[in-house]
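**Q** Listed below, chain by chain, are the residues.
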Amino acid sequence: GAVVSQHPSWVICKSGTSVKIECRSLDFQATTMFWYRQFPKQSLMLMATSNEGSKATYEQGVEKDKFLINHASLTLSTLTVTSAHPEDSSFYICSARAAGGETQYFGPGTRLLVL
Amino acid sequence: EDQVTQSPEALRLQEGESSSLNCSYTVSGLRGLFWYRQDPGKGPEFLFTLYSAGEEKEKERLKATLTKKESFLHITAPKPEDSATYLCAVQGSGSARQLTFGSGTQLTVLP
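Respectively, the protein sequence lines represent chains A and B.
All letters in the first sequence, in the order written, are residues 145 to 259 by the numbering used here.
All letters in the second sequence, in the order written, are residues 26 to 136 by the numbering used here.
Be careful, since some hints might not be right.
Taking lysine-lysine pairs in the DSSO-like style, the calculated list, with each CA pair at most 27 Å apart, reads [as the list claims (entries may be wrong)]: (1) B:K84 to B:K67; (2) A:K208 to B:K88; (3) B:K67 to A:K185; (4) B:K82 to B:K93; (5) B:K104 to A:K158; (6) B:K88 to A:K164; (7) A:K208 to A:K164; (8) B:K67 to B:K88; (9) B:K67 to A:K210; (10) A:K185 to B:K88; (11) A:K185 to B:K104; (12) B:K94 to A:K185.
For the record, the hints were derived by calculation from the structure and aren't laboratory data.
Given these sequences and hints, build the entire structure.
**A** Okay, structure coming up:
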């Protein structure tokens, strides 16, 4: 149980284009989903928290107009990186937490490379 | 502000050589302490949640313990497949209920 998927696992795009990453909870309903970014040999950095049906809450320093988050259902959240630039290249990981639960279950991550 | 410090940063063990990883924390109202395993290029895999001092949990060769100031992840007779980065995180009583992660311990088990 508690499986979270992400799609795509790898994406390469040109500078200036937008990229959408999907995060799905496969066997439970996730009232809250989180998006993280991880640089090589570093720990996870929280970007934003999203509750189903509400606007996402962004961490300080994260541009909400650049990283658009939609949590339209209890099993799906999307992160759209708009007008991507090479400095946005990173490993993006989502996690999901069920209502009343404390544990976050993580997806496998999406590697983004912006050329 | 919640803080998590993990030590050592890296640990190399021979197969079968038991050891412990440390996670020291300060948190305002602990709601949970979490251990995850992360393999290169993958998302963290959930291992344990501990909620109160004195609690212990086991899974195969791993055992997690919790005090009011720190948690230990004990690895008994490790195998090469136990090689990974082990992450510790805490969740405080703040309204956001977010996780604060440590920087991880990179474990290498040599055959």
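**Q** Would you list, in rising numerical order, the hints stated earlier that this structure does not obey?
**A** The structure breaks hints 2, 5, 6; every other hint is satisfied.
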